[in-house]
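Student: Build out the structure end to end from the sequences listed, making use of the hints.
As given, the protein sequences belong to chains A and B, one line each in that order. Oh and the first sequence: position 330 is 330 in the numbering used here, straight run, nothing missing. Positions in the second sequence are counted from 1; adding 482 to them yields the numbering used here.
Don't take each hint at face value.
Claimed, not checked - If you want the ones that stay clear, here's a sample from chain A, every Cβ over 10 Å from chain B, calculated:
#1 LEU8
#2 ALA40
#3 PRO88
#4 ALA109
#5 TYR221
#6 ASP474
Stated by the list, open to error - Dumping the calculated SDA-like pairs for lysine to any residue here, alpha-carbon to alpha-carbon at most 20 Å:
#7 LYS610(B) - LEU313(A)
#8 LYS46(A) - LEU103(A)
#9 LYS610(B) - ALA123(A)
Simulated from the structure, these hints should not be mistaken for laboratory data. Quick caveat, the model's predicted, so the values are computed rather than measured. Glycine included, each C-beta is placed from N, C-alpha and C at the ideal position.
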Amino acid sequence: MADNVTILIPTALRQFAGGNEQVTYSGGTVGEILAQLTGAHTDLKKHLYNDSGQLRSFVNIYLNDEDIRYLEKDKTPVADGDTVTVVPSIAGGVAEMTEEVTLSADEVARYSRHLIMPEVTLAGQKKLKQARVLLVGAGGLGAPLGLYLTAAGVGHIGIVDGDIVDSSNLQRQVIYTTDDVGVSKLAAAKRRLNGLNPYTEITTYDTRLTSDNALDIFKDYDIIVDGTDNFPTRYLVNDACVLLGKPNVYGSIFRFEGQVSVFYAKEGPCYRCLYPEPPPPGLVPSCAEGGVLGVLPGIVGALQAAETIKLILGIGDPLIGRLLRFDALKMQFREYKLRKDPACQICGEHPTLTGLIDYDEFCGVTNAPEVDLDAQQEITPTQLKERLDAGEHIVIVDVREPHEWALGTIKEPDVRFIPLGDIPARMHELDSADEIVLQCRSGVRSAKALAILEQAGFRKLKNLTGGILAWSDDVDPSLPKY
Amino acid sequence: MSLVWTLEHRTVICRHSERGYPDEVCGIIIGVRDGADKIVQEIVPVENAWENPDEQRRRFQIAPDVLLRHERGARAAGQDILGFYHSHPDHEAHPSETDREWAWPTYSYVIQQVYRGVSLDLQSWTLKDDRSGYDTEQIRAED
Numbered sequence: 001m002a003d004n005v006t007i008l009i010p011t012a013l014r015q016f017a018g019g020n021e022q023v024t025y026s027g028g029t030v031g032e033i034l035a036q037l038t039g040a041h042t043d044l045k046k047h048l049y050n051d052s053g054q055l056r057s058f059v060n061i062y063l064n065d066e067d068i069r070y071l072e073k074d075k076t077p078v079a080d081g082d083t084v085t086v087v088p089s090i091a092g093g094v095a096e097m098t099e100e101v102t103l104s105a106d107e108v109a110r111y112s113r114h115l116i117m118p119e120v121t122l123a124g125q126k127k128l129k130q131a132r133v134l135l136v137g138a139g140g141l142g143a144p145l146g147l148y149l150t151a152a153g154v155g156h157i158g159i160v161d162g163d164i165v166d167s168s169n170l171q172r173q174v175i176y177t178t179d180d181v182g183v184s185k186l187a188a189a190k191r192r193l194n195g196l197n198p199y200t201e202i203t204t205y206d207t208r209l210t211s212d213n214a215l216d217i218f219k220d221y222d223i224i225v226d227g228t229d230n231f232p233t234r235y236l237v238n239d240a241c242v243l244l245g246k247p248n249v250y251g252s253i254f255r256f257e258g259q260v261s262v263f264y265a266k267e268g269p270c271y272r273c274l275y276p277e278p279p280p281p282g283l284v285p286s287c288a289e290g291g292v293l294g295v296l297p298g299i300v301g302a303l304q305a306a307e308t309i310k311l312i313l314g315i316g317d318p319l320i321g322r323l324l325r326f327d328a329l330k331m332q333f334r335e336y337k338l339r340k341d342p343a344c345q346i347c348g349e350h351p352t353l354t355g356l357i358d359y360d361e362f363c364g365v366t367n368a369p370e371v372d373l374d375a376q377q378e379i380t381p382t383q384l385k386e387r388l389d390a391g392e393h394i395v396i397v398d399v400r401e402p403h404e405w406a407l408g409t410i411k412e413p414d415v416r417f418i419p420l421g422d423i424p425a426r427m428h429e430l431d432s433a434d435e436i437v438l439q440c441r442s443g444v445r446s447a448k449a450l451a452i453l454e455q456a457g458f459r460k461l462k463n464l465t466g467g468i469l470a471w472s473d474d475v476d477p478s479l480p481k482y
Numbered sequence: 483m484s485l486v487w488t489l490e491h492r493t494v495i496c497r498h499s500e501r502g503y504p505d506e507v508c509g510i511i512i513g514v515r516d517g518a519d520k521i522v523q524e525i526v527p528v529e530n531a532w533e534n535p536d537e538q539r540r541r542f543q544i545a546p547d548v549l550l551r552h553e554r555g556a557r558a559a560g561q562d563i564l565g566f567y568h569s570h571p572d573h574e575a576h577p578s579e580t581d582r583e584w585a586w587p588t589y590s591y592v593i594q595q596v597y598r599g600v601s602l603d604l605q606s607w608t609l610k611d612d613r614s615g616y617d618t619e620q621i622r623a624e625d
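Tutor: Next up, the structure:
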C-alpha cells in the first residue's frame with residue numbers, strides 16, 4: 001500500500017476529471033489507483049476503458065517512465081511518490097486510398113438542418129451521400145420514399161418499376177402530376193427527383209422484378225426498400241435480401257392499415273420467419289381490389305424512409321425484430337415483437353432455399369381467373385355490344401357492391417344489380433330461360449357468381465371478360481375506370 | 483476559442499512539412515491558455531513514429547514516451563500541450579476519418595496541406611464533444 005501516488009491528467013481529459021491537472025491517491029497497484037480516479041469521475045472511465053473493461057488502444061498509462069503494458073499492466077505495484085501519467089496516443093493521417101466524398105458549399109446550405117444535429121453532422125451527411133438505396137416499386141410507398149430519400153441527400157437511388165402513370169394513381173402517388181398520366185412512372189419519377197435534388201443520382205430499371213434479374217440489380221445497393229403490393233414480389237425481395245445479406249425495409253398498406261419493419265437476417269428475423277407461407281390466393285385483396293386511403297402510403301412510406309436513413313447513419317433503434325402496425329381510423333400505432341425462426345427455410349439454421357424460386361407459382365398466382373370457366377362461357381365487350389345492338393335480349397347482372405354502382409355501369413336497357421354476396425338469396429329474381437351476362441369491375445367476382453348460378457341450374461350464362469374495365473377500353477370510354 | 487501565434491511558429495510547421503514531403507510529419511504545439519485563447523509559445527517537431535514506414539505517407543503517430551517527456555517538460559515550465567500538427571501531403575487541410583478516430587477533445591489539430599512539396603493551406607480543427615466531427619478553429623497571427 002503506497003500513499004501519495006500522483007496521477008497526471010492530460011489537457012484533453014481534464015474536463016472529464018473535474019478540471020484537475022493532477023490528483024493524488026493511495027493504493028497498491030496502478031489499477032487500484034486508476035479505479036479511484038474513474039470511480040470519482042465516471043465520464044472519464046469511458047474514455048479510458050472500452051465496454052469490456054480493457055484499456056483503450058489509444059490510451060497509454062505510464063508509471064514514472066515506463067509504459068505499464070510492458071510491466072504488469074493494471075497489476076503493476078506502485079510505491080510512495082510514484083507518478084502515474086495518462087498519455088493519449090496521437091496519430092492520424094490522410095484518408096485511405098478510397099475516394100472520400102466531400103460536400104460543396106451549396107450542399108452544405110441545402111442540408112444545414114441535418115448538419116446541425118449531433119446525430120447527423122457532416123460525417124453523417126457524407127454517409128447519406130455515399131449510400132446506395134434501391135426502391136422496389138414506384139407506387140404509393142415509392143412516391144414518398146423517393147421524395148424524402150432524395151431530399152435527404154441519399155447519393156444513389158435505384159428504382160424498379162415497369163408501369164405507366166394511371167389517373168387512379170394520383171390519389172396517393174404524390175410524386176406524379178396530372179400531366180404525367182400515360183407516361184412511364186420511371187421517367188416521371190426521375191424528372192421529379194432530379195428537380196428536387198440534382199446531387200442525387202437516380203438509376204431506373206424499367207422492368208418487373210423477377211427471379212432472373214433481382215440478384216443482379218440488388219447487388220449494387222446497400223439497402224433495399226420494398227414498396228410493392230403483391231406477395232410474389234414481397235417473397236422475392238425478402239429471399240434476395242437474405243441471400244445477399246442486405247437489409248430489407250418493408251412496408252405494406254391496405255385500406256386504413258399499414259405495417260412497417262426492417263427484415264435483416266444478419267441481425268434478426270426475415271419476412272419468411274414471420275410468414276413461412278403466403279396466404280391462399282385471393283384471401284388478401286390488393287389495394288386495387290380493396291382500396292386504400294390515399295394518405296396511408298404517405299405515412300407508411302415516410303416511416304420506411306426514416307428507417308432507411310437511420311440504417312445509413314447507424315443511429316437509433318431500427319425496427320429489426322419489431323413490426324409496427326398503424327391504424328389510421330383508430331389513429332393508433334402498435335408494436336409487435338418478431339422472433340427469428342430457427343427453422344426458417346431461408347435464414348434458419350439449416351436453410352433449404354439456397355437460391356431464388358418461381359414466386360408466382362409459390363404464391364399460387366396465375367393470370368387465369370380463379371373460377372375455371374369454359375371458353376364458351378366468356379363473352380368479350382365487343383361481342384356483347386354487337387349482340388345487344390342487333391336487338392337480342394340479354395340480361396346483364398352487375399354483381400358489384402352498391403357503392404361501386406354509383407361510379408357508373410354499362411348503359412344498356414336490362415341491367416340488374418345483385419351484389420355477389422346476395423346472389424344465392426336473390427337468384428329467384430332471375431329467369432333461367434333468359435340469356436344472362438354477369439359483370440363486375442374486372443371479371444373475377446362475376447366468374448364466381450356464374451359458378452354459383454350454374455350450380456343452381458342456370459345454363460344460359462356468360463361472364464363479361466375483363467368486366468367494366470374492358471368495357472370502358474373497348475366499347476364506351478366515357479365509362480370511368482376505377 | 484482561437485489559436486494565437488506568430489508567423490515564425492507557422493513557418494516552423496511549413497518548413498518541417500516541406501522537408502518531410504512526401505511523408506507526413508508531425509509535432510507538438512506548446513503554450514499557455516489565456517481565457518478563450520490558446521497562446522502558442524513553442525512548436526516542437528517530433529519524429530513520425532508510425533510503425534510501418536511504408537505507410538508514413540498517409541499516417542503519423544507521436545510516440546507516447548516522446549509525448550510524456552514534453553508533457554512533463556511543459557508542466558514544469560507552467561505550460562500546457564495545446565495541440566498537435568501534422569501534414570497532409572497532396573491532400574486538403576481537412577481532418578480525415580482516420581484523424582477523427584484518433585482525435586482527442588480540447589486539443590488543436592493543425593493540418594498543413596503540402597502540394598508537390600510546397601506548403602499551401604493550413605487550418606486548425608477541434609473535435610466536437612460527441613466525437614462526431616470537427617469545428618474549425620480560428621488562427622490569429624500576432625507580432
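Student: Look at each hint and say if it fits the structure.
Tutor: Here is what the structure says about each hint:
1. Listed as a non-interface residue, LEU8(A) fails to keep its Cβ farther than 10 Å from every Cβ of chain B; the least gap is roughly 7 Å.
2. Look at ALA40(A): its CB is around 19 Å from the nearest CB on chain B, clear of 10 Å, so calling it non-interface holds up.
3. Residue placement check: PRO88(A) does not keep its beta carbon more than 10 Å from all beta carbons of chain B (closest about 5 Å).
4. Listed as outside the interface, ALA109(A) is consistent with that label: its C-beta sits roughly 17 Å from the nearest C-beta of chain B, beyond the 10 Å cut-off.
5. For TYR221(A), the shortest C-beta to C-beta distance to chain B comes to about 22 Å, beyond the 10 Å cut-off, and the non-interface label holds.
6. A cut-off of 10 Å between C-beta atoms confirms that ASP474(A) is not in contact with chain B; the least separation is 62 Å.
7. Simply put, LYS610(B) and LEU313(A) have alpha-carbon atoms about 17 Å apart, close enough for the 20 Å limit, and the pair holds.
8. For the hint pairing LYS46(A) with LEU103(A), the CA-to-CA distance comes to about 32 Å; that exceeds 20 Å, so the pair is violated.
9. Between LYS610(B) and ALA123(A) the CA atoms are separated by roughly 12 Å; this keeps the pair inside 20 Å, and the hint holds.
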